[in-house]
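All chains should be built: construct the whole structure from the sequences, respecting the hints.
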Amino acid sequence: MKKSLLTVVLAATLMLTPLSAQKAFVEYVEGNASIQNTSGSLRPVDFGSTVTYGETVLTGQDGTVEMVLDNGSRIRVSGNSVFSYTSTGAGTDSRPVLATTAGSVSYKLNRAAGRSPIIRTNSMVAGVRGTEFTIFAGRDGSVLLAVADGIVDVESEGVQVTLLKNEAVEVAPGEAPGAKYEYLGRELDFSDWNKQKNDAFLTDPVGTLKAVERRLAVYAAELKKLEAPYADATDSWKKATAQYKILLEEGDKEKIKQFQQELLFPAQDARAVLILNIRYWALNYLSMRRYVVSNLYMEMKSRNPVTRTTVADEFFALHAELLRRYETVIVPELNENDY
Amino acid sequence: MLIPLLVLLFSCASAPYTQTDKGVLKLVDLINKGQVNEVEGLAQVPFALDMETLYLESDVATYWNNLHEAGFTMTGPRVESVEHVSDNSWQAFADSYDMKNFFARYTGEDTSLVTLKTGEGTFYLLLERALRGYPRIRGIKGPVQ
Numbered sequence: 035m036k037k038s039l040l041t042v043v044l045a046a047t048l049m050l051t052p053l054s055a056q057k058a059f060v061e062y063v064e065g066n067a068s069i070q071n072t073s074g075s076l077r078p079v080d081f082g083s084t085v086t087y088g089e090t091v092l093t094g095q096d097g098t099v100e101m102v103l104d105n106g107s108r109i110r111v112s113g114n115s116v117f118s119y120t121s122t123g124a125g126t127d128s129r130p131v132l133a134t135t136a137g138s139v140s141y142k143l144n145r146a147a148g149r150s151p152i153i154r155t156n157s158m159v160a161g162v163r164g165t166e167f168t169i170f171a172g173r174d175g176s177v178l179l180a181v182a183d184g185i186v187d188v189e190s191e192g193v194q195v196t197l198l199k200n201e202a203v204e205v206a207p208g209e210a211p212g213a214k215y216e217y218l219g220r221e222l223d224f225s226d227w228n229k230q231k232n233d234a235f236l237t238d239p240v241g242t243l244k245a246v247e248r249r250l251a252v253y254a255a256e257l258k259k260l261e262a263p264y265a266d267a268t269d270s271w272k273k274a275t276a277q278y279k280i281l282l283e284e285g286d287k288e289k290i291k292q293f294q295q296e297l298l299f300p301a302q303d304a305r306a307v308l309i310l311n312i313r314y315w316a317l318n319y320l321s322m323r324r325y326v327v328s329n330l331y332m333e334m335k336s337r338n339p340v341t342r343t344t345v346a347d348e349f350f351a352l353h354a355e356l357l358r359r360y361e362t363v364i365v366p367e368l369n370e371n372d373y
Numbered sequence: 048m049l050i051p052l053l054v055l056l057f058s059c060a061s062a063p064y065t066q067t068d069k070g071v072l073k074l075v076d077l078i079n080k081g082q083v084n085e086v087e088g089l090a091q092v093p094f095a096l097d098m099e100t101l102y103l104e105s106d107v108a109t110y111w112n113n114l115h116e117a118g119f120t121m122t123g124p125r126v127e128s129v130e131h132v133s134d135n136s137w138q139a140f141a142d143s144y145d146m147k148n149f150f151a152r153y154t155g156e157d158t159s160l161v162t163l164k165t166g167e168g169t170f171y172l173l174l175e176r177a178l179r180g181y182p183r184i185r186g187i188k189g190p191v192q
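The listed protein sequences derive, respectively, from chains A and B. All residue numbers for the first sequence refer to the numbering used here, where the first residue is 35 and numbers rise by one. All residue numbers for the second sequence refer to the numbering used here, where the first residue is 48 and numbers rise by one.
Note that these hints are calculated values from the structure, not bench results. Yeah, the Cβ is synthetic: ideal placement off N, Cα and C, and Gly gets one too. It is possible that some hints are incorrect.
With a straight-line Cα cutoff of 35 Å, these simulated DSBU-like cross-link-like pairs (lysine-lysine) come out [as the list claims (entries may be wrong)]:
| hint | chain 1 | residue 1 | chain 2 | residue 2 |
| --- | --- | --- | --- | --- |
| 1 | B | K69 | A | K229 |
| 2 | A | K214 | A | K273 |
| 3 | B | K147 | A | K272 |
| 4 | A | K244 | B | K188 |
| 5 | B | K147 | A | K259 |
| 6 | A | K229 | B | K80 |
| 7 | A | K258 | A | K57 |
| 8 | A | K258 | B | K147 |
| 9 | B | K188 | A | K258 |
| 10 | A | K57 | B | K147 |
| 11 | B | K73 | A | K259 |
| 12 | A | K244 | B | K147 |
| 13 | B | K80 | B | K69 |
| 14 | A | K272 | A | K289 |
| 15 | A | K244 | A | K214 |
| 16 | A | K279 | A | K259 |
| 17 | A | K229 | B | K188 |
Okay, the calculated beta carbon distance ranges per label pair [claimed, not checked]:
| hint | chain 1 | residue 1 | chain 2 | residue 2 | range |
| --- | --- | --- | --- | --- | --- |
| 18 | A | P78 | B | A177 | 18 to 24 Å |
| 19 | B | R176 | A | D266 | 50 to 56 Å |
| 20 | B | K73 | A | R77 | 57 to 63 Å |
Quick look at the structure:
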């Protein structure tokens, strides 16, 4: 898919991104934090910095970044965290995607005039309606979502759980959400929670990596589903373009206009939407691979730097297999700027 | 007198930074003592670890802490080669999309690829301009047997 995809992705993005693509304005920054832009370059976060679609905020150990969206919604990225700001869909169907990939991010979202944002993590997707909540993304790919106010619908593996005020739920990678519970009066400590996840990983490193593998497989399957529709849409678009050239040569302005409206533009739009969806799933995969798989590898490698146990060998073999699949299935859908 | 001095200063400032064996071995000593995290800013992010990339400072700090707790040391270190990073250096770490882009994006003319022979095997170190007498470290691969 890549060749054709790359040639049109920029045009598609320009065409379909809403003219008023939302920006997040940095209102407060503390410690080390940087913004990775769409070309992969890093720049320090400063007061007044803006974060636009496709950009990622990374905070250092002592870093905190607070942002406000155009509609007044607020986002707080705590230390050692990764927050990505993207979008999905196109035109009037476009929706912002607020992704917590690592660490802790708190949201206080206003009821948007347009479509509500999608809240994404490595393990689940959530829909929100004017609400306040915090997401903790563990380094093993697990997620803990705690609602302070409003309603959040959490979905993973086809199962949805609705959280109300003072309720929380955990979602492990590749699994349905766990049982929700009330956390009122219980302090949610991300450090402790993350440590528990890390301890669980060390108890069963291969099992944890297999869970991540299942989640990656979901992303790969979604990509696979789009192959045939993309091929069909490309075929329709090429035929429409060829026909359009003939009409241009004939010079009948009425016919040209009618053809544009009825065939050419719809064919372009249909293909562009598919391209954006392909990239959405490919970038989800990339994110999980980049921030979760790499961390699990680091944990195992640093504990087994020279000699290896049987379990470590099994882990590294599976890790190598995951990277092989990433290179063959996902990398062809990426471009240099995605890195 | 002033002009040659300025020329000398200018050339020093613009010349690619070259690692010395002494500096590399000083860093190895720091690694062996488990004190990399004690020199703030020495380990850079993003950081290449074998074929992986670590983006968070905390992950890199955890890596050095865990190594130390695992009793890791590089015994009998000997610098085999020091080369400025070139177009194909990424292949020393991994022949992959990630490493190709990591090297393209996060290494520069001041980055050297150092090959280090030790009793545990061969290590590849990505080193940059010194900080408080130690080369900054941008990545590590190994041991490779």
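Quick one, are K57 of chain A and K147 of chain B close enough, alpha carbons at most 35 Å? holds (31 Å)
Given pair status - K273 of chain A, K214 of chain A, alpha carbons within 35 Å: Not OK: K214 of chain A and K273 of chain A at ~52 Å, beyond 35 Å, violated.
Given the hinted pair K244 of chain A and K147 of chain B, is their Cα-Cα distance within 35 Å? OK: K244 of chain A and K147 of chain B at ~27 Å, within 35 Å.
Distance restraint between K244 of chain A and K188 of chain B, which requires alpha-carbon spacing of 35 Å or less: holds (25 Å)
Is the hinted pair K147 of chain B and K272 of chain A satisfied, with a Cα-Cα distance of at most 35 Å? holds (34 Å)
Are the Cα positions of K147 of chain B and K259 of chain A separated by 35 Å at most? Holds, at about 29 Å.
For a C-alpha distance cap of 35 Å, please report whether K69 of chain B and K229 of chain A respect it. Violated. K69 of chain B to K229 of chain A sits at ~39 Å, over the 35 Å cutoff.
Pair hint outcome, K258 of chain A versus K57 of chain A [Cα-Cα no greater than 35 Å]: Holds. K258 of chain A to K57 of chain A sits at ~32 Å (cutoff 35 Å).
Distance restraint between K244 of chain A and K214 of chain A, which requires alpha-carbon spacing of 35 Å or less: holds (24 Å)
Are the Cα atoms of K80 of chain B and K69 of chain B separated by 35 Å or less? holds (17 Å)
Would the pair K272 of chain A and K289 of chain A pass a check requiring their Cα atoms to be no farther apart than 35 Å? holds (18 Å)
With the threshold set at 35 Å, check whether the alpha-carbon distance from K73 of chain B to K259 of chain A stays at or below it. violated (54 Å)
Going through the hint list in order, the structure does not satisfy hints 1, 2, 11 and 20.
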